[in-house]
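Q: Protein sequence lines, in the order shown, are assigned to chains A and B.
Using my numbering, count along the first sequence one by one with no gaps and you end on 456.
Using my numbering, count along the second sequence one by one with no gaps and you end on 456.
Treat each hint with caution, since some may be false.
One copy or any two copies: either way a pair holds, since identical chains are not told apart in the list.
Taking lysine to any residue pairs in the SDA-like style, the calculated list, with each CA pair at most 20 angstroms apart, reads [to be verified]:
id	residue 1	residue 2
1	Lys208	Asp95
2	Lys139	Trp44
3	Lys313	Thr334
4	Lys205	Glu16
5	Lys354	Asn61
6	Lys205	Asp248
7	Lys354	His438
8	Lys205	Trp304
9	Lys139	Gly427
10	Lys408	Asn17
11	Lys139	Thr288
12	Lys208	Gly76
13	Lys336	Gln256
14	Lys335	Gln135
15	Lys335	Val375
16	Lys313	Gly427
17	Lys335	Glu237
18	Lys169	Tyr307
19	Lys205	Gln187
20	Lys313	Ser379
21	Lys208	Asp422
22	Lys208	Leu264
Read the hints as simulated data drawn from the structure, not as lab findings.
Number of protein chains: 2
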Amino acid sequence: MPNLDQYLDQQREQFENELYELLRIPSISTDSQHGEDVRRAAGWLVDHLSNLGLTTELIENGGHPIIYAESAPVAGAPTVLVYGHYDVQPPDPLDQWLTPPFEPTVRDGNVYARGATDDKGQMLTHVKSAQAWLQTEGKLPVRLKFLIEGEEEVGSDSLYRLLDQSPEKLECDVVVVSDTSQFGPGQPAITYGLKGIAYFELRLKGPKQELHSGTFGGAVTNPANTLARMIAALTDENGRVQIPGFYDDVIPLSDQERSQFAELAFDEAAFMQQIGVDGVSGEQGYSTLERRWARPTCDVNGIWGGYQGEGGKTVLPAEAGAKFSFRLVPNQDTKKIAESLRQMLTGLCPPGIKMELIDMHSCPGVLVPLDSPYVAAASQAIERGFGRQPVFIREGGSIPIVTAFSEKLGVDTLLLGWGLDDDNTHGPNEKFCLADFHRGIKASAYLWEELSKIGQ
Amino acid sequence: MPNLDQYLDQQREQFENELYELLRIPSISTDSQHGEDVRRAAGWLVDHLSNLGLTTELIENGGHPIIYAESAPVAGAPTVLVYGHYDVQPPDPLDQWLTPPFEPTVRDGNVYARGATDDKGQMLTHVKSAQAWLQTEGKLPVRLKFLIEGEEEVGSDSLYRLLDQSPEKLECDVVVVSDTSQFGPGQPAITYGLKGIAYFELRLKGPKQELHSGTFGGAVTNPANTLARMIAALTDENGRVQIPGFYDDVIPLSDQERSQFAELAFDEAAFMQQIGVDGVSGEQGYSTLERRWARPTCDVNGIWGGYQGEGGKTVLPAEAGAKFSFRLVPNQDTKKIAESLRQMLTGLCPPGIKMELIDMHSCPGVLVPLDSPYVAAASQAIERGFGRQPVFIREGGSIPIVTAFSEKLGVDTLLLGWGLDDDNTHGPNEKFCLADFHRGIKASAYLWEELSKIGQ
């Protein structure tokens with residue numbers, strides 16, 4: 001009988017083939033035409049997890065099914081909830097894929113397919129590591145609860161309902177999620193901070209129909225000019241948010257964090273080349289990494305009004321609008337900010353304009369305490385799996401479910417990302433490095449061992 | 001044989017039927033599918049004008065044909081160029097028309113059809129008045145040159161070529177155009193000032209593709225935020241233009257003009273109700289009429305960038321843009337303004353953004369001297385035709401061809417509008433008041449007589 005390491009080596013090809021099987025299922029949760037495919041992916045996982053000997057359930061909770069599977073309790077060892085998702089984003093624009101999104105293809109050591117990194121490939125590392133323990137040791141060193149949903153890309157409604165209805169089912173000591181990225185190739189990372197978000201849509205209505213901009217311009221308030229004024233007022237020229245009180249509750253970056261970030265081998269020139277710009281800008285006094293990870297921001301996500309076609313049309317638009325969102329750092333209060341924003345914009349709204357501000361969605365940021373034994377265990381496991389100590393990073397994106405785990409289950413989440421920044425998550429030619437797939441499985445297998453040392 | 005007035009009374013029904021004939025032809029110049037219809041309208045006019053005994057030509061000059069017709073020279077009397085156009089705007093949105101746009105229908109004394117007021121109906125008043133003279137007196141008291149184009153709604157390229165190539169053909173002492181409006185129902189007007197225009201498109205490019213606004217927000221310059229900042233910088237909160245030097249060449253409104261405007265029975269409440277707003281705003285220190293007619297303005301005509309669909313999408317746009325235009329008053333220099341604008345926007349362009357500013361088109365404003373004998377003659381003719389002295393007004397719109405007549409032919413243009421502000425020019429349910437159609441013919445017939453008194 002092989003030991004754990006030998007087993008992982010022997011199974012490499014088999015693990016990859018299983019990943020490709022799952023990637024071939026176009027489980028696009030937002031597209032009702034793929035409802036059957038979503039269900040097929042769920043079924044694949046149920047079969048897979050129950051074949052490992054885990055007690056497995058397909059939970060129907062109103063939307064796409066949630067898969068729940070658990071191993072036996074382990075006395076004196078923690079219970080670990082492993083969260084992931086089997087649904088994927090739509091593959092559009094299709095014509096930009098070099099190979100079809102649901103025909104996994106290996107090039108240069110990467111597998112290219114929709115869902116490769118987000119999240120089928122990353123999620124599967126934990127399933128495979130559990131398999132390795134069960135096949136070699138006959139049991140897991142901790143109790144695992146797998147929670148794999150099919151609505152991550154469309155808002156996780158079913159999962160939030162489950163968290164409200166049956167939090168006891170999901171009771172655990174810590175949550176593990178692999179749905180983020182390493183710091184860079186060969187440099188694994190633990191993400192200990194996520195930004196929150198507050199997303200708004202602003203709609204301005206002026207005259208009841210488009211007017212001739214010559215006959216009426218200057219006399220009638222133009223909603224598009226007004227929109228530009230309001231949006232511009234949200235930030236100063238360096239992107240610092242101008243909403244009164246916005247920074248009141250921001251926890252400043254600690255000196256330790258700043259020096260940790262500064263020590264990271266962040267290549268700003270390569271970063272600029274990757275995104276195709278010849279310069280970056282942002283809040284004064286903070287490095288690019290600090291701004292991305294740990295400073296609140298305001299970005300217009302969309303803006304519109306009037307004539308957008310070819311050539312010139314001399315109209316004064318009847319309406320204009322914008323979508324914009326703030327990325328918040330932990331401790332900022334989404335409600336306070338929404339109120340202050342509303343007050344500020346109302347004050348800027350001139351005669352002749354009707355303003356509607358829609359509070360689309362929001363969630364606060366989270367920070368995982370770096371001094372927890374779980375973080376130490378994860379760090380140890382990653383070092384063993386990747387052959388390199390992880391760095392501690394934060395992330396500008398928001399993962400609302402992590403906030404929910406914290407609020408509903410009272411536990412921290414370990415964000416152990418095996419992906420890379422340029423994996424084209426949500427874009428064409430999504431990929432996942434196969435070496436990282438195997439390193440992730442290894443790190444995950446060691447993680448169960450390291451966590452078992454903590455005690456319940 | 002009837003005299004002029006009797007003839008005009010007798011022919012009312014016939015004149016209306018002829019107008020309806022012309023309105024039935026969908027001569028939409030911008031739509032190549034209607035090329036045959038445009039030509040049919042031109043043919044109708046050629047037949048019509050030559051049947052009156054005028055020397056008539058169909059000038060092919062590269063685009064839609066121009067119709068030129070002239071009467072015999074009159075010794076000791078001025079030559080008058082009558083400009084108009086037989087092409088019309090597209091009728092969209094079709095579903096908002098109460099009756100089909102090319103089936104002229106009379107309701108409440110108005111004829112509803114595309115082109116009713118802009119410009120078939122107004123243009124035809126001068127053809128019918130010439131007919132009345134020719135049928136009753138056998139000759140015209142002045143020499144008339146009709147210049148009726150088919151590209152007014154698409155930029156008048158053929159006509160500009162004709163003005164460059166054959167200005168001597170169009171030599172005249174004064175131009176008459178009826179393509180504007182009265183001050184209000186029952187209150188005729190002479191428009192003595194037109195605004196100029198300078199129209200720009202601003203395109204901003206940021207990252208090479210849309211980015212995740214969480215992962216990259218705050219670190220990468222957002223082109224939509226930048227766009228809002230640039231557009232907002234063009235004006236202050238009251239719409240006063242902030243481009244350096246913009247007001248340097250503005251001729252201030254004279255005290256006489258201001259008191260004339262103030263005396264006009266302008267009903268601001270009715271104006272606001274007409275356009276559907278509960279307030280107006282604009283440059284401080286000027287009345288609504290002054291702002292519309294005689295103060296330069298800046299209006300966004302269109303703005304776009306990022307995600308405009310339903311719901312929220314957390315993207316940092318790759319690009320954003322806007323179309324905006326300045327309405328200029330006479331003596332403002334379009335070139336100087338374009339340069340100052342470019343300099344100002346370049347100064348506002350932050351790292352990471354590539355800016356393109358496209359100078360779409362421009363033309364300076366014009367003022368017709370109020371103390372000219374032509375204006376006095378027009379005033380007299382209008383009073384006789386409408387039974388009421390005209391008021392002197394300016395117009396916020398631009399009629400670039402009027403500037404070209406001034407520059408190429410060295411003559412002033414009399415803008416004698418028979419339309420009304422609410423005629424829905426370019427919109428659904430365009431109309432023209434039939435009583436004004438007949439009053440316009442009458443005023444036009446008297447105009448030739450009044451102008452003949454001036455001498456050559």
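Q: Are the hints correct? Go through all of them and say.
A: So, going through the hints one by one against the coordinates:
1. With identical chains, the CA atoms of Lys208 and Asp95 are at most 20 angstroms apart between copies only, with a shortest distance of 17 angstroms across copies and 40 angstroms within one.
2. In this homomeric assembly, Lys139 and Trp44 never come within 20 angstroms of each other (Cα to Cα): the closest approach is 23 angstroms inside a single copy and 94 angstroms across copies.
3. Only between protomers do Lys313 and Thr334 lie at most 20 angstroms apart by alpha-carbon distance; the minimum there is 18 angstroms, versus 40 angstroms within a single protomer.
4. In this assembly of identical chains, the alpha carbons of Lys205 and Glu16 never lie at most 20 angstroms apart, being 54 angstroms within a copy and 40 angstroms across copies at closest.
5. Taking CA atoms no more than 20 angstroms apart as the test, Lys354 paired with Asn61 passes in neither setting, with 40 angstroms inside one copy and 49 angstroms between copies.
6. In this homomeric assembly, Lys205 and Asp248 never come within 20 angstroms of each other (Cα to Cα): the closest approach is 32 angstroms inside a single copy and 33 angstroms across copies.
7. With identical chains, the CA atoms of Lys354 and His438 are never at most 20 angstroms apart, being 56 angstroms at best within one copy and 42 angstroms at best between copies.
8. For the homomeric pair Lys205 and Trp304, the shortest alpha-carbon distances inside one copy (12 angstroms) and between copies (16 angstroms) are both at most 20 angstroms.
9. Neither within a single protomer nor between protomers do Lys139 and Gly427 lie at most 20 angstroms apart by alpha-carbon distance, with minima of 39 angstroms and 76 angstroms respectively.
10. With identical chains, the CA atoms of Lys408 and Asn17 are never at most 20 angstroms apart, being 37 angstroms at best within one copy and 78 angstroms at best between copies.
11. Taking the closest pair of Cα atoms, Lys139 and Thr288 never come within 20 angstroms of each other, the shortest separation being 45 angstroms inside a single copy and 82 angstroms across copies.
12. For the homomeric pair Lys208 and Gly76, neither the shortest alpha-carbon distance inside one copy (69 angstroms) nor that between copies (53 angstroms) is at most 20 angstroms.
13. In the homo-oligomer, the alpha carbons of Lys336 and Gln256 never lie at most 20 angstroms apart, since the shortest distance is 29 angstroms inside one protomer and 54 angstroms across protomers.
14. Within a single copy, Lys335 and Gln135 get their C-alpha atoms no closer than 50 angstroms, and across copies no closer than 79 angstroms, so neither meets the 20 angstroms cut-off.
15. Taking identical chains as interchangeable, the C-alpha atoms of Lys335 and Val375 are never at most 20 angstroms apart, the minima being 31 angstroms within one chain and 64 angstroms between chains.
16. For the identical chains of this complex, Lys313 and Gly427 are inter-copy neighbours only, at 13 angstroms across copies versus 34 angstroms inside a copy, given an alpha-carbon limit of 20 angstroms.
17. Taking the shortest Cα distances, Lys335 and Glu237 never come within 20 angstroms of each other, neither inside one copy (25 angstroms) nor across copies (28 angstroms).
18. Taking CA atoms no more than 20 angstroms apart as the test, Lys169 paired with Tyr307 passes in neither setting, with 54 angstroms inside one copy and 39 angstroms between copies.
19. In the homo-oligomer, the alpha carbons of Lys205 and Gln187 never lie at most 20 angstroms apart, since the shortest distance is 50 angstroms inside one protomer and 32 angstroms across protomers.
20. In this assembly of identical chains, the alpha carbons of Lys313 and Ser379 never lie at most 20 angstroms apart, being 60 angstroms within a copy and 34 angstroms across copies at closest.
21. For a Cα distance limit of 20 angstroms, the shortest separation of Lys208 from Asp422 across copies, 14 angstroms, qualifies, whereas the shortest one inside one copy, 46 angstroms, does not.
22. Proximity of Lys208 to Leu264 under the C-alpha cut-off of 20 angstroms is found in neither arrangement, the shortest distances being 55 angstroms within a copy and 25 angstroms between copies.
The structure fails to meet hints 2, 4, 5, 6, 7, 9, 10, 11, 12, 13, 14, 15, 17, 18, 19, 20, 22 from the earlier list, while all remaining hints are met.
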